[in-house]
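Protein chains in written order, with numbering that gives the first Met the number 0: chain A, 0 to 494; chain B, 0 to 494.
Among the hints, a few may not be true.
Copies of one chain are not kept apart here, so a pair can be met inside one copy or by any two copies together.
To be verified - Subject to a maximum C-alpha distance of 30 Å in a straight line, what follows is the list of computed DSS-like cross-link-like pairs (lysine-lysine):
(1) K434 <-> K121
(2) K166 <-> K475
(3) K445 <-> K475
(4) K431 <-> K475
(5) K52 <-> K162
(6) K183 <-> K52
(7) K183 <-> K296
(8) K154 <-> K232
(9) K12 <-> K431
Keep in mind that the hints were calculated from the coordinates and are not lab data.
2 protein chains.
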Amino acid sequence: MFETAELGRTISKEEYEAARPELRARLLAAQFALRGTRVPVLVIIAGADGAGKGDAVNRLHEWLDPRNLATHVFGPTSDEERERPAGWRFWRTLPARGQIGIFFGSWYTQPIVSRVGGTMKKGRFEIELDRIAFTEEMLVRDGALLLKFWIHLSKSGLKRRFKRLSKSSETRWKVTKLDRERLKTYDDFVAVAERAVQKTDTALAPWIVVEAFDDRWRDLTMGRTLADALERKVKEASAPKPVTSPAVAPLPPLLAEEEARVLDRVDLTSTLSDRAYHRRLARGQERLHQLTWAAAKKRISSVAVFEGWDAAGKGGAIRRMTWAIDARLCRVIPIAAPTDEERAHHYLWRFWRHIPRAGLVTIFDRSWYGRILVERVEGFAREDEWRRAFLEINDFEQQLADAGIVVTKFWLHVSPEEQLRRFEERQHVPHKQHKITEEDWRNRAKWDAYHAAVGEMVARTSTREAPWTLVGANDKNRARIQVIETFCDRLERAL
Amino acid sequence: MFETAELGRTISKEEYEAARPELRARLLAAQFALRGTRVPVLVIIAGADGAGKGDAVNRLHEWLDPRNLATHVFGPTSDEERERPAGWRFWRTLPARGQIGIFFGSWYTQPIVSRVGGTMKKGRFEIELDRIAFTEEMLVRDGALLLKFWIHLSKSGLKRRFKRLSKSSETRWKVTKLDRERLKTYDDFVAVAERAVQKTDTALAPWIVVEAFDDRWRDLTMGRTLADALERKVKEASAPKPVTSPAVAPLPPLLAEEEARVLDRVDLTSTLSDRAYHRRLARGQERLHQLTWAAAKKRISSVAVFEGWDAAGKGGAIRRMTWAIDARLCRVIPIAAPTDEERAHHYLWRFWRHIPRAGLVTIFDRSWYGRILVERVEGFAREDEWRRAFLEINDFEQQLADAGIVVTKFWLHVSPEEQLRRFEERQHVPHKQHKITEEDWRNRAKWDAYHAAVGEMVARTSTREAPWTLVGANDKNRARIQVIETFCDRLERAL
Chain A
0 MFETAELGRT
10 ISKEEYEAAR
20 PELRARLLAA
30 QFALRGTRVP
40 VLVIIAGADG
50 AGKGDAVNRL
60 HEWLDPRNLA
70 THVFGPTSDE
80 ERERPAGWRF
90 WRTLPARGQI
100 GIFFGSWYTQ
110 PIVSRVGGTM
120 KKGRFEIELD
130 RIAFTEEMLV
140 RDGALLLKFW
150 IHLSKSGLKR
160 RFKRLSKSSE
170 TRWKVTKLDR
180 ERLKTYDDFV
190 AVAERAVQKT
200 DTALAPWIVV
210 EAFDDRWRDL
220 TMGRTLADAL
230 ERKVKEASAP
240 KPVTSPAVAP
250 LPPLLAEEEA
260 RVLDRVDLTS
270 TLSDRAYHRR
280 LARGQERLHQ
290 LTWAAAKKRI
300 SSVAVFEGWD
310 AAGKGGAIRR
320 MTWAIDARLC
330 RVIPIAAPTD
340 EERAHHYLWR
350 FWRHIPRAGL
360 VTIFDRSWYG
370 RILVERVEGF
380 AREDEWRRAF
390 LEINDFEQQL
400 ADAGIVVTKF
410 WLHVSPEEQL
420 RRFEERQHVP
430 HKQHKITEED
440 WRNRAKWDAY
450 HAAVGEMVAR
460 TSTREAPWTL
470 VGANDKNRAR
480 IQVIETFCDR
490 LERAL
Chain B
0 MFETAELGRT
10 ISKEEYEAAR
20 PELRARLLAA
30 QFALRGTRVP
40 VLVIIAGADG
50 AGKGDAVNRL
60 HEWLDPRNLA
70 THVFGPTSDE
80 ERERPAGWRF
90 WRTLPARGQI
100 GIFFGSWYTQ
110 PIVSRVGGTM
120 KKGRFEIELD
130 RIAFTEEMLV
140 RDGALLLKFW
150 IHLSKSGLKR
160 RFKRLSKSSE
170 TRWKVTKLDR
180 ERLKTYDDFV
190 AVAERAVQKT
200 DTALAPWIVV
210 EAFDDRWRDL
220 TMGRTLADAL
230 ERKVKEASAP
240 KPVTSPAVAP
250 LPPLLAEEEA
260 RVLDRVDLTS
270 TLSDRAYHRR
280 LARGQERLHQ
290 LTWAAAKKRI
300 SSVAVFEGWD
310 AAGKGGAIRR
320 MTWAIDARLC
330 RVIPIAAPTD
340 EERAHHYLWR
350 FWRHIPRAGL
360 VTIFDRSWYG
370 RILVERVEGF
380 AREDEWRRAF
390 LEINDFEQQL
400 ADAGIVVTKF
410 WLHVSPEEQL
420 RRFEERQHVP
430 HKQHKITEED
440 WRNRAKWDAY
450 HAAVGEMVAR
460 TSTREAPWTL
470 VGANDKNRAR
480 IQVIETFCDR
490 LERAL
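Produce the entire structure from the sequences given, and follow the hints as far as they go.
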């Protein structure tokens, strides 16, 4: 991978000085144009310690306008980061659309360092690389410009650089003890790094290996690559969009009609008497109260997702849960229209930001499944977008599960007849009128389309780690008990 | 203070059950109406440990809708919180407009606990209480509904409660060892608490002392108080606003005309040759580079604020600074139109969120001073609002300084003639055209009003901890050198 970056290329001072003014002007113009677009720019700077990554980042800062630019260093994790999935610290710092974020150190650092140090096994390393490649392509498909620079210096080049820096009292501090130690493991590092680069050198997020033998060559190469990419992306983003989606061969249907009818198998007839309900509710809430305190002590978080037909009783079921959980341990996140800061990021960003610290319960009243339900049916997401979402969502939930978070998902199911009855009741009971809107009626008119979308959602995103529970909710008593007992069962198993 | 809450008042189970449904309906209706308003609701729950604060919060959660409600517990600080001013953890969790935030533990906890424990001196305690009272009134003036409940139980009542809870295995866990220990220091606690309550019992944010002798009395009192306050506030917020400000007696002018002319004393004539500039720039940047690394090692942060006339050269001066500071240590925050999440909070919130972790440099390109510059002159803020801002801003900066952050503020001053020259240049040089807008011309037409506002700003907000540096910027060379050297001097002194 790195041989082509060991050619010893250099640029003379004259050539560099001659090229710099034009390059800077190009970068600034492209950066200015970027602000008006919906493109987030992520620049990852990776490579061996001592190869001059810091200098390269500083050069970019010198050339770019500091105002929509931020560099993030990922040093030791804070306690707030450690208590969440490993991906959280990166999501919280991803640049918004129109912004440039430079990642100095990134999702590559920890896997590579752990693998070189021997604390991460080969299998795990491969899994981590897969996830990185997946995340990167996901961001690019969402419109991001992602540039991954691998700053490479051969072992002899590295030694030469350390020697040069150590000579002057002005630069001696740049060579740390750690750098010298890393030199000893250089060969191991290169072997691991090569695997990482190779495995994540994807079509949408290819690596750019930059030779660091000569600082001027390194900086000019990076600057020109960035300018080219920015200009191309800004032009592409500003081009008038075709009114229709690009012509693609029709995609195969995702599920046989038959399989999408999984909802039809939900039992909507069984009921629970008020007496039995109150008995089981009291028992269930008591259990929930104790389990959530026990989870808090063991620092195990849980995430409960509520989706369902309008008027299926999500709110009531959620309240029966929250009543039993200590207010200090529980947060309900209602998902409505995104804020403009949320719209300026990938659609999963707004959910990542609510992932709690250790030991807490987070309840999502509607969720990331909007992508493959309302956005799909209403056409807010293009077909290629919602089709990708199955994999994206499964990966997201897997990351939560990997971090020890207990994920439970409920679809509250009612028959169309029962929904109609509830809609009408809402219209006639004064204090319920605010609960029914025009939109509810519009959604109802698309029952069949939603029905198919839900079936597919369940089939494709019900996993061992994050299973769907289909709740027959024609009878509210039964639904609430099923929700509480299911949540308790899963939490209990995790404890 | 607390005698009226030691009357032993109770409510019978029958009365409670009879009152509850109506109260809940009132609360839910008011909470629903709240969502459409610009009112943030903050409920502070304070009082002795063991008096039933947790139960009270849980009761509120039972009665309210969980969807625009969040309870925040302020336990031990995280490392991300410890590295910032003490106020940061509260600002980051303040409810947005239309939301209800319950603070379980609050800005009162740490001062009271430290004072009872003897680690906080009396003088410091009084200062902390002053700041709390100030912050609370500030939030209320900004439109917040603030309810402060002090849950009170006498010593004998507390003992009685512990005895009762300990009897049943179901509730025994509620009495912790810490609670029992606190009982020993109860008298000290009450003395300190009384002082805190008394000193922060302000006109806009009065305390509501709730007797906790009987759980039902406590909960019903809190619920009714909250319902009353919510209803009143929602009604007030929904009432049509008078077109003109309420008639108040004309406020005295803040500064004599003479004093407001401080800007006229800025030397705009002296210049610096290019040769001298380059020599001093190189020296200054070298110094800046080393000082910022040294500050990073000592974990001392700094905040630099840039304000000035349009085209005064803020951007150029900032870039000369950022070039010298390692990209990993520095962040530039350009202040333009607020996002909608920012608009949903007090105007200082958007600045608090950018306060950095320890050891970093944050440069604000425009700042909180917009409140008393553009918002004042353009009438975006009412007179009472911008008049209050002097005190609010001084307090904010004092909090930064108290946390060891080095605050430096620059006003870049040019003459109207020089500004005109630069505007015209911008219009004629192709790559500078994007830097000049209609708004710049409009602002220029209001030169005198801005001039007076700046004079007043300097007079009222130049403090020892956060002084203004007025930079004569007709000559860019001179301005840039002054900025860098001033910043370095202040940082050096702090190290």
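Each hint, compared with the structure:
| no. | hint | result |
| --- | --- | --- |
| 1 | K434 <-> K121 | neither (54 Å within a copy, 53 Å between copies) |
| 2 | K166 <-> K475 | neither (78 Å within a copy, 36 Å between copies) |
| 3 | K445 <-> K475 | within (24 Å within a copy, 64 Å between copies) |
| 4 | K431 <-> K475 | within (17 Å within a copy, 66 Å between copies) |
| 5 | K52 <-> K162 | within (17 Å within a copy, 64 Å between copies) |
| 6 | K183 <-> K52 | within (19 Å within a copy, 58 Å between copies) |
| 7 | K183 <-> K296 | between (43 Å within a copy, 27 Å between copies) |
| 8 | K154 <-> K232 | neither (35 Å within a copy, 70 Å between copies) |
| 9 | K12 <-> K431 | between (76 Å within a copy, 29 Å between copies) |
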